[in-house]
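Visitor: Start from chain G and add chains C and E according to the hints.
Residue strings, one per chain:
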Amino acid sequence: MALKIPIGPQHPALKEPTNFSVELDGEEIVDAYVKPNYNHRGMERLAEEKTYPQVLVLYERICGICSQIHPQCFAQATEDALGIEVPERANYIRTIMCELERVHSHLLWAGVGAHELGFDTGLMYLWRDREAVMDILEMISGNRVNYKMNTIGGVRRDIDERKIPMLLEALDAYVPQVDLYANAFTKDPTLRARLEGSGILTRKEADELCVAGPTARASGRDVEVRRDDPYAAYEEVDFEVPVVDDGDIMARAVVRLLELYQSINILKQALKNIPEGPIQADIDEIPEGEGVGRIEAPRGEVIHYVRSDGSWYPERTKVRAPSYVNIPALIPMLIGDTVAEIPITVASIDPCWSCTARVAIVDTNKKTEKIMTFEEIRSHYG
Amino acid sequence: MFALEALKMLLKKPFTWKYPFEPIEVPEGFRGKPEYDEENCIGCGACAAVCPAEAITVTEDAKVVLTLSYADCTFCADCEKACQWDAITLSKEFELATLDKSQAIVQIEREKNVCEGCGGTISAVEQMDWIKEEISEIKDNIPADDLEAITKLCPECRRDKAAENIISEVYS
Amino acid sequence: MDENQLIEDLEEELGRALLEHYIQRKRRVFIRINKDANRKMARLIKEKYNGFICVMTSVDAGDDLELVYHFAIEGEEGRQINLNVTVSTPKNIPEIKTITDIIPGSAYPEREAQDMVGLKIIGLPDPSRLFLADDWPEGVYPMRKY
Chain G
1 MALKIPIGPQ
11 HPALKEPTNF
21 SVELDGEEIV
31 DAYVKPNYNH
41 RGMERLAEEK
51 TYPQVLVLYE
61 RICGICSQIH
71 PQCFAQATED
81 ALGIEVPERA
91 NYIRTIMCEL
101 ERVHSHLLWA
111 GVGAHELGFD
121 TGLMYLWRDR
131 EAVMDILEMI
141 SGNRVNYKMN
151 TIGGVRRDID
161 ERKIPMLLEA
171 LDAYVPQVDL
181 YANAFTKDPT
191 LRARLEGSGI
201 LTRKEADELC
211 VAGPTARASG
221 RDVEVRRDDP
231 YAAYEEVDFE
241 VPVVDDGDIM
251 ARAVVRLLEL
261 YQSINILKQA
271 LKNIPEGPIQ
281 ADIDEIPEGE
291 GVGRIEAPRG
301 EVIHYVRSDG
311 SWYPERTKVR
321 APSYVNIPAL
331 IPMLIGDTVA
341 EIPITVASID
351 PCWSCTARVA
361 IVDTNKKTEK
371 IMTFEEIRSH
381 YG
Chain C
1 MFALEALKML
11 LKKPFTWKYP
21 FEPIEVPEGF
31 RGKPEYDEEN
41 CIGCGACAAV
51 CPAEAITVTE
61 DAKVVLTLSY
71 ADCTFCADCE
81 KACQWDAITL
91 SKEFELATLD
101 KSQAIVQIER
111 EKNVCEGCGG
121 TISAVEQMDW
131 IKEEISEIKD
141 NIPADDLEAI
151 TKLCPECRRD
161 KAAENIISEV
171 YS
Chain E
1 MDENQLIEDL
11 EEELGRALLE
21 HYIQRKRRVF
31 IRINKDANRK
41 MARLIKEKYN
51 GFICVMTSVD
61 AGDDLELVYH
71 FAIEGEEGRQ
81 INLNVTVSTP
91 KNIPEIKTIT
101 DIIPGSAYPE
111 REAQDMVGLK
121 IIGLPDPSRL
131 FLADDWPEGV
141 YPMRKY
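Chains as they are written, first to last, in my numbering: chain G, 1 to 382; chain C, 1 to 172; chain E, 1 to 146.
Just chain G, with the same shape it has in the complex:
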């Protein structure tokens, strides 16, 4: 008989609340279920009661890591719906913010990945270097997270020309550090033993589940919104899209590390070529309409849909975060692996439960499985 293990909603290996259960045959996982209904925040409903600029602040809080991506994507969708043209300089500033966010997110991911493997030195190093990018973000936007850079029709803050040489220098200092981590991840025999060949997602499964981002590109599925549907200033910068065919955890790590080089490259180009000009467009009226914003977030494609009825309040907004498509992909990844691989496999898609589950109700499972309350657990183990 198969043994069923529930993982989460609160679990030391997963920092965010979701409910998993895996069925085991000995050590091997034979089936897996995901229940993302533990915590839904009802943001799309709340957004219908706020004005467009207020929704930006709300959507910034969908995710603490993608706090540039979500408001920008909403702003792009709204700009399409309202027919607003964004000034060139604002587009460059958005690009710079997006890429800085990608650098910080990928470093954060690599740190978390290292931690899940028990490689805490890596965590310390990676997060130390991540601080530098956080400082840059703070310098540009005035805050480490929740940057509040976007507004409908542009950005709110300009990048000071005097800061640009300093930023370029800081980016150059990143390259040897990324080299160090790329070496550590790809050459270290212990890491290779853990990462190679586990958590495999095949190209066919990736295509069927329509996965996005580094998870897709590590399985040979070549999708990248920055190239396929350019937004902001991505049409004017050159970059490559790293695609790896292996589909294992190592491939996902490699894709992210290679993307770091590309991000630094894009940042340098954008900082050097940033044009002069206004940073905000004027908005005269709010017509009826609909718009779709697509952005390549660090974890994959973010898509926002906005429908305007001509009032100050959006009639309907829809948010899709990348983990929404990547979480179902965990099931084929987990099946066939062992229990010890669960944390790193789950971490390997860089899941962001906060972006996926957005109605706060506590989940009570009424099926035959017994869910222990906190008191019961405490009396049992305390």
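To be clear, the hints were calculated from the coordinates, so they are not data collected in a lab. Glycine residues also receive a C-beta, built at the ideal position from the N, C-alpha and C atoms. Wrong hints could be hidden among the right ones.
Distance condition first, Cα-Cα at most 30 Å in a straight line; then the derived DSBU-like pairs of lysine-lysine [to be verified]: (1) C:K12 to G:K163; (2) C:K81 to C:K92; (3) E:K145 to E:K120; (4) C:K33 to C:K12; (5) C:K33 to C:K92; (6) E:K35 to E:K48; (7) E:K145 to G:K50; (8) C:K33 to G:K50; (9) G:K268 to E:K26; (10) G:K163 to C:K13; (11) C:K81 to G:K163; (12) C:K8 to C:K18.
Label pairs and their calculated CB-CB ranges [claimed, not checked]: (13) E:N34 to C:C118: 52 to 58 Å; (14) G:E88 to C:A6: 43 to 49 Å; (15) E:N50 to G:G310: 35 to 41 Å; (16) C:E39 to G:T121: 41 to 47 Å; (17) E:D2 to C:A6: 56 to 62 Å.
Guide: Just chains C and E now, with coordinates in the frame of chain G:
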């Protein structure tokens, strides 16, 4: 490789800050605690209207009172941008933790103009001064009756009065 | 294929089922089709246009419930066209056929549409709740407005 790194790091200072034992410097343009400038504020409530978190609220009982709750503030600086009078700015202060939530509140009180029709609020006195100043330029285009009504009646009463005028004109 | 060719092709393939269409800007196409044509649309996306589903938006539009499929399909010069397909159904018959068997990635969005506005997706392999809690009352839909 990491052994060498370890030796190098032994000789270096720690990377972390010894906060709270040493202060942390925040960069220029940091968005911290929003602070009111009592002198400049005219009590118009623009800051409350734009606040996405509803951290700023306006009550109009005996006086017009603007209440800013730091516990609700998201430090987005929308109020700073909405204020034409530079009466609210985000400072560099960020240590706002307190054990008493009632301490985390700032209030601005403004005398109000009372509507002669219903006894309700027209606006804060300072805001009315500004309105008078603004309309002084276009005074000639506005009928004298209306000009007086603006300073004495609230928008609802003005609308009622205008409707009454129209009705009496039609029937006379 | 560019946006205009896409519209021409859709007119040919869908015929009278294509109700409305407009090109908003480069790479953004919005169409409205008859709800019975949604499975044909999904097959077109998969087999002819080489595309995939991004997400679906379920909208309460007064007397009707709408479901907007957001597809990404192959465009020209290695770019993608974002094709947004709206289908609507009267509120008293809130039924739409599934496309999950054609595009397996549609399972989550379809289950979410069931949860949020109470659309009934016919033929969904696992119609259990996705985002709503298990003890959420039956027949209450958080995204219904009217």
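Visitor: Taking the hints in turn, state whether each one holds.
Guide: Checked hints:
With a C-alpha separation of about 27 Å, the suggested pair K12 of chain C and K163 of chain G falls inside the 30 Å cut-off, and the hint holds. At roughly 16 Å between alpha-carbon atoms, K81 of chain C and K92 of chain C fall within 30 Å of each other, so this suggested pair holds. The suggested pairing of K145 of chain E with K120 of chain E holds, with an alpha-carbon distance near 17 Å, which does not exceed 30 Å. Of the supplied pair hints, the one linking K33 of chain C and K12 of chain C is violated, its CA atoms being roughly 35 Å apart against a limit of 30 Å.
Proposed proximity of K33 of chain C and K92 of chain C is supported: the alpha carbons are some 7 Å apart, at most 30 Å. A hinted pair counts as satisfied when its Cα atoms are at most 30 Å apart, and K35 of chain E with K48 of chain E qualifies at roughly 20 Å. The hinted pair formed by K145 of chain E and K50 of chain G meets the criterion: a straight-line CA distance of about 15 Å does not exceed 30 Å. Of the pairs offered as hints, the one joining K33 of chain C and K50 of chain G holds, with about 23 Å between alpha carbons and a cut-off of 30 Å not exceeded.
Between K268 of chain G and K26 of chain E the alpha-carbon distance is near 28 Å, which keeps this suggested pair within the 30 Å criterion. For the suggested pair K163 of chain G and K13 of chain C, the alpha carbons sit about 27 Å apart, so the restraint of at most 30 Å is met. A C-alpha spacing of about 23 Å is found between K81 of chain C and K163 of chain G, which places the hinted pair at or below 30 Å, so the restraint holds. Simply put, K8 of chain C and K18 of chain C have alpha-carbon atoms about 21 Å apart, close enough for the 30 Å limit, and the pair holds.
In this structure, N34 of chain E and C118 of chain C meet the distance hint of 52 to 58 Å, their C-beta atoms being roughly 56 Å apart. For the pair E88 of chain G and A6 of chain C, the beta carbons lie near 48 Å from each other, so the given range of 43 to 49 Å is met. Checked against the hint of 35 to 41 Å, the pair N50 of chain E and G310 of chain G passes, with Cβ atoms roughly 37 Å apart. Range check, E39 of chain C to T121 of chain G: about 55 Å between beta-carbon atoms, so the 41 to 47 Å window is missed.
Look at D2 of chain E against A6 of chain C: about 58 Å separates their beta carbons, and that is inside 56 to 62 Å.
Comparing the model with each numbered hint stated earlier shows that hints 4 and 16 do not hold.
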